[in-house]
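Visitor: Those sequence lines, one after another, are chains A and B.
If you're matching positions, the first sequence starts at 9 in the working numbering and goes up one per residue.
If you're matching positions, the second sequence starts at 4 in the working numbering and goes up one per residue.
No wet-lab data here; the hints were simulated from the structure.
Heads up, a few of these hints could be off.
[Said to hold, decoys possible] Quick list of simulated restraints, FRET-style, between CB atoms:
| id | chain 1 | residue 1 | chain 2 | residue 2 | range |
| --- | --- | --- | --- | --- | --- |
| 1 | A | 55 | B | 177 | 53 to 61 Å |
| 2 | B | 288 | A | 9 | 55 to 63 Å |
| 3 | B | 369 | A | 115 | 42 to 50 Å |
[Claimed, not checked] Which bits of chain A does chain B cover? Going by a derived footprint, with three or more residues having C-beta under 8 Å, they are:
| id | segment |
| --- | --- |
| 4 | 35 to 49 |
| 5 | 69 to 82 |
The beta-carbon is built from N, C-alpha and C at its ideal position, and this holds for glycine as well.
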Amino acid sequence: MVPQDLRYTKEHEWVRVVGDMATVGITDYAAEQLGDIVFVELPEIGRAVVQATAIGVIESVKAVSDLFAPIGGEVVESNSELSTQPELVNSDPFGKGWMLRVKVDDADQVGGLLDAAAYEALIAEA
Amino acid sequence: MAHSQDAPMATPLADRHAALGARMVEFAGWMMPLQYTGILEEHRAVRSRAGLFDLSHMGEIFVEGPEAADGLGLALTSNPGALKVGRAQYSMICFPDGGILDDLIVYRLADQRFMIVANASNSAAVSDALTARLAGLKLVLDDRSLATALVAIQGPRAAAIIGPLTDVDLTALRHYAIAEGTVAGVPALVARTGYTGEDGFEVFVEIGAGAVVWDALMAAGKAEGIVPVGLGARDTLRLEAGMPLYGNELGPDSTPFEAGLGRVVAFTKEGDFVGRAALAKAADEPRKRLVGLAVRGRGIARHGYEVFRGDRRTGIVTSGTLSPTLGDPIAMAYVAPSDAEPGTILEVAIRDQRVPAEVVALPFYKRPS
């Protein structure tokens, strides 16, 4: 399941950009590969994040994985529900399992992200 | 790692795993199911109902003859000669320096016939060591690891599910006992052993009959909510139960005493055994102690993470997970003997943070009796 209206990274994050605000999460494919997610560590509000750098950690029962910033900007909100219900990332990765809202500092960064077709091709090869 | 040079082997149940949509991983030279529906769901099914495991990768070595009991007493740390027929004991095979070559279960099938079950990763090494240590004795060693399928059913509903399929009297089959009989019409060894902390059975059959037993147990367990369980949940189940895993808690750099398993060393048995002198010393002078840790913070203390007491590094995490039953992070670690007392507050380095962890008695989980 790859929603057509989102942009993606090779590290399996998704981004929805509306105006200068981006919502960020990890894809269904990433959640499935990680298995049962039990902790999500997200950057604090107000932090400036740089595109493609590690900004958080996702722990599943079996593995630990970095969350990379798909886009640069200032973190304005994080999904507080994930601290008590990290399993939302598994059950609804593109919805209730969202992770961050980032005020984008340069809209041109979006152009470097994968569209749905390119991301589908990426996971088909994996 | 006897098979690491070759393509991984497939168990006789490979097509069942594929049909169930299992995610497969290479483990100890075998392609094994890591998970089917998810580790947490499979874990909870075993704790509350029943789970079915393909353990055909494990090693089964048969030793038979008039000197089998004495020979195994020489080769292993425990005293198989003290076992009654039809009973089993947890055991280890050690190097001369007291380090652990493997942990084993020894079953006495008859007065002069034993079955030794070894970890898949060590089964060839165990077979080779036994061959060398038993050379010249009046016995025959038969490594049937590649000719044997092993299916385990574990959980509170296990006995109710397997009961109607077997002629073995389960009410007479105690924990750590074994009997010969049939399961689903197939000649089988049925042992009341496992690696989950639950009641359950391990069924050993000829490799060609593995699928018959698997299918019969899956069908019979359907109404009880049986699920297939992969290596992922096998690991979380054994960790909650405080059971060691070779390669994590056990290895050539650890002695049974350091692992808290000194009971497997039978100093009272007659005669010498491999590692005896070193183990006698190790019993009095452990360099480290295996402890349980209740991690009091966010994040999982994983294999290889360092453990501190204050500023002093005291040891290393051997295994860690989020306990599906308790809902809290748990771990096992080797620490300095002086830091091993339950109640001691240590810290685990989880990435760039020091997370407090309290030393607690093992196991983390004990099934309700």
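Visitor: It remains to establish, for every hint, whether it holds in the given structure.
Guide: Each hint, compared with the structure:
1. A:55 x B:177: 53 to 61 Å: For residue 55 of chain A and residue 177 of chain B the Cβ distance comes to about 59 Å; the hint holds.
2. B:288 x A:9: 55 to 63 Å: The hinted range 55 to 63 Å holds for residue 288 of chain B and residue 9 of chain A, with Cβ atoms some 58 Å apart.
3. B:369 x A:115: 42 to 50 Å: violated, 57 Å
4. 35 to 49: Coverage by chain B holds for the segment 35 to 49 of chain A (5 residues, Cβ < 8 Å).
5. 69 to 82: holds (count 3)
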